[in-house]
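J.: Sequence:
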Amino acid sequence: MLPVLVIIAAISLLALLAFRWFERYRYTDAWRTSEFRGAAFGFLMWFGGIFGHRVPPPPQAKMELATRAGEPEPPRSGGAPLPDHAADEEE
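Counting from 1 along the sequence shown, just add 5 to a position and that's the residue number in my numbering.
These are computed hints drawn from the structure, not numbers from a lab. Because the structure is a prediction, the values reported are computed rather than measured. Take the hints with a grain of salt, since some may be wrong.
[Unchecked claim] Restraint ranges, calculated between C-beta atoms of paired labels, are given here:
1. R42 - G75: 42 to 52 Å
2. R42 - L7: 52 to 62 Å
3. I16 - P77: 11 to 21 Å
4. E76 - A15: 55 to 65 Å
5. I13 - F52: 18 to 28 Å
6. L22 - F48: 12 to 22 Å
7. V9 - I55: 21 to 31 Å
Each residue gets a CB set at the ideal place from its N, CA and C atoms; glycine is no exception.
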């Protein structure tokens with residue numbers, strides 16, 4: 006039990022020191038021009054991916070579902086048609 010508490014205390018102390026260092030480092034010019042910034046973001050994306058979190062697409066991205074020729078169109082969501090779908094509707 007005691008070795009486990011020592012390990013937990015050591016990890017907590019290292020995490021606190023790393024956080025304090027990063028808190029000072031991120032407002033320097035070295036942070037803005039370093040490769041560590043990209044590595045830190047990559048680590049966050051990898052770590053989030055373990056738990057199923059994904060970065061959403063940019064808001065300007067238009068998502069479309071492609072189908073092969075001759076296949077029926079996928080069913081619509083049931084909401085009001087969007088303006089670009091309104092012209093395809095037959096009356």
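J.: Give a verdict on every hint.
T.: Here is what the structure says about each hint:
1. As the Cβ distance of R42 to G75 is approximately 49 Å, the hint placing it in 42 to 52 Å holds.
2. Against the hinted window of 52 to 62 Å, the Cβ-Cβ separation of R42 and L7 comes to about 40 Å, which falls outside the hint.
3. Between I16 and P77 the CB atoms are about 57 Å apart, so this pair departs from the stated range of 11 to 21 Å.
4. Remark: the range hint 55 to 65 Å for E76 to A15 is upheld by a beta-carbon distance near 60 Å.
5. For I13 paired with F52, a C-beta distance near 20 Å keeps the hint of 18 to 28 Å intact.
6. Roughly 18 Å separates the CB atoms of L22 and F48, a value that falls within the hinted 12 to 22 Å.
7. Between V9 and I55 the beta carbon distance is about 24 Å. The supplied range of 21 to 31 Å therefore holds.
In summary, the structure is inconsistent with hints 2, 3 from the numbered list given earlier, while agreeing with the others.
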